[in-house]
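Novice: Those sequence lines, one after another, are chains A and B. Per the numbering used here, the first sequence runs over residues 1 to 236. Per the numbering used here, the second sequence runs over residues 1 to 313.
Incorrect hints may have been included.
To be verified - Pairwise CB distance ranges, derived in the manner of DEER restraints: (1) B:Asp272 x A:Ala115: 39 to 47 Å; (2) B:Arg179 x A:Lys177: 35 to 43 Å; (3) B:Arg310 x A:Asp69: 40 to 48 Å.
Please keep in mind that the hints were generated in silico from the structure rather than gathered at the bench. Predicted model only: the values in this text are computed from it and were never measured. Ideal placement from N, C-alpha and C gives every residue a C-beta, glycine not left out.
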Amino acid sequence: MAAMSLLEARGLTRHFGGLKAVDGVDFTLEEGEIHALIGPNGAGKTTFVSLLSGRVPAQSGTIRLKGRDITRVPAHARVHAGIAYTFQITQVFAALSVFDNVALAVQSRGGHPIAAETMAALGRVGLAERADQIAGTLSYGHQRVLEIAMGLALQPVLLILDEPTQGLSDGEIATFKEIVRSVVPKTTVLLIEHNMDVVMGLADRITVLNFGTVLATGTPEAIRADRAVQAAYLGG
Amino acid sequence: MTMGRALSLHLGVLAALLALHFAAPAYHHTNIARIMVLAIYAMGYNIAFGYTGLLSLGHALLFGAGLYGAGLLVYHAGAGAAGAMLAGLLAGGAMALAVGLLALRTSGVAFMIVTLMFAQAGYLTVLYFGAWTRGDEGIVIPQAARAIGSLDLSDDGTRYLVALTLFAAALLGNLALVRSPFGRVMVAMRENEERSRMLGFNPFTVKLAALTVSGLYAGLAGAAYGLMFGYVGASLASVQYSILPLLYVLLGGAGTVLGPFVGALLMFYLIDYASAVTDAHQFVTGAALVLLILFAPKGILGTLRARGARWLP
Chain A
1 MAAMSLLEAR GLTRHFGGLK AVDGVDFTLE EGEIHALIGP NGAGKTTFVS
51 LLSGRVPAQS GTIRLKGRDI TRVPAHARVH AGIAYTFQIT QVFAALSVFD
101 NVALAVQSRG GHPIAAETMA ALGRVGLAER ADQIAGTLSY GHQRVLEIAM
151 GLALQPVLLI LDEPTQGLSD GEIATFKEIV RSVVPKTTVL LIEHNMDVVM
201 GLADRITVLN FGTVLATGTP EAIRADRAVQ AAYLGG
Chain B
1 MTMGRALSLH LGVLAALLAL HFAAPAYHHT NIARIMVLAI YAMGYNIAFG
51 YTGLLSLGHA LLFGAGLYGA GLLVYHAGAG AAGAMLAGLL AGGAMALAVG
101 LLALRTSGVA FMIVTLMFAQ AGYLTVLYFG AWTRGDEGIV IPQAARAIGS
151 LDLSDDGTRY LVALTLFAAA LLGNLALVRS PFGRVMVAMR ENEERSRMLG
201 FNPFTVKLAA LTVSGLYAGL AGAAYGLMFG YVGASLASVQ YSILPLLYVL
251 LGGAGTVLGP FVGALLMFYL IDYASAVTDA HQFVTGAALV LLILFAPKGI
301 LGTLRARGAR WLP
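With these hints in hand, go ahead and build the complete structure from the sequences.
Specialist: Right under this line is the structure:
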């Protein structure tokens, strides 16, 4: 193959009892794109990205990152392979300082010197002057930004964002969009998102999940025009 | 700089302990030497529990590994005290590594129970091999064997200074550890294991490393305790010695470098005074703990840190 995709999932499956959360999903991420994952609640979006990041083991199917089979690689090792995951429900280290939260990510990838790289990473998202603050005392919006800063400080090849704009104000969403645009094409972004303005404004391609299967994949225009998607999700 | 302030405080405590060597009355002089050795043990416990979040109920096994590692070598093989102390240190670390490989497959309550069972198995092993260990009765280390070169560990003054030297090394090592990048990872593992994993840290290896360091501290303390006070007995490997460091750490402040020492000091004297007044001294300790949990669950130094002294490591 001339141009290898960054990530390829084939026949990816995860059932929970009788619930087919993810059921034979084929999925491809191209290097440098912003790819949005949408679908109704319970469509399997979070389970799907959990399979990619290794938080949940796959029951069958394969995942390849730059051609390498990572299906059985544990989550912490996938981080070192370049997959960063930010949580749907903010999970910063609330008792630690903002600095320590990001320093953990910097030292995890072997960044050196830790202090300088940490401050640089905080500067990129506008949190530098809050470095000494305890993370748990940040506003919700700032905690979301800190969560993203931790992901970016890992310098991943693939950044997975699980509903990053949930609960953010319009101003904060605008800042978030700028941050995401600034990391591509060096970093590929896969985001789960419910806010259609964010999806249509940011994504190069969109994949629609429904009942654990792929309903459609395409450009924002193509997805908007797709009848099956309209029926299932966009309420057309 | 906060580092300067923290370092000054710890060096100040060490200087005060050195001053007490010259100033303290004989009775307290011996007590403080004992407290410093117990504080090394509690510091080790704190590395696992206070910093990494591993609530073990089996640290007596690690203390016992150091105690018997050193004691049996001296008593049966005629080893020197310095070599025996090193052997005790390594025995504690090796035991922690071995137990950790199995026990760290569990977490939470299961981890408490598994470590407790391992320690009970260790205690019963000591009794079972009574021909070597002299079981409950224990081994009295002959005075001639309690010397490092010309340093006679049975001499009060020498013992105090050797205890202080070991304590100082343990304390400053502890300070350096928790200020290091690895120290930050230990705390991250305690605060949120899943988040740490998704930052690329393997929870199993981080916890195993922390537990092994904890075992080195416990092993050193066990060896030093046996050699300095001349007694190696099964009671020192009993469940009571798994609970003691937990109490010290809770009292002084879990996750603070000086907390274990402060806790050991106060608890030692609390028991000392209570037993002079009443036979029910364990009731007094129990009551003190209930009050502590109710009104200062973070312990003394933990409460100070929460009330503004954020620079306390």
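Novice: Could you tell me which of the hints above the structure violates, numbers in ascending order?
Specialist: none
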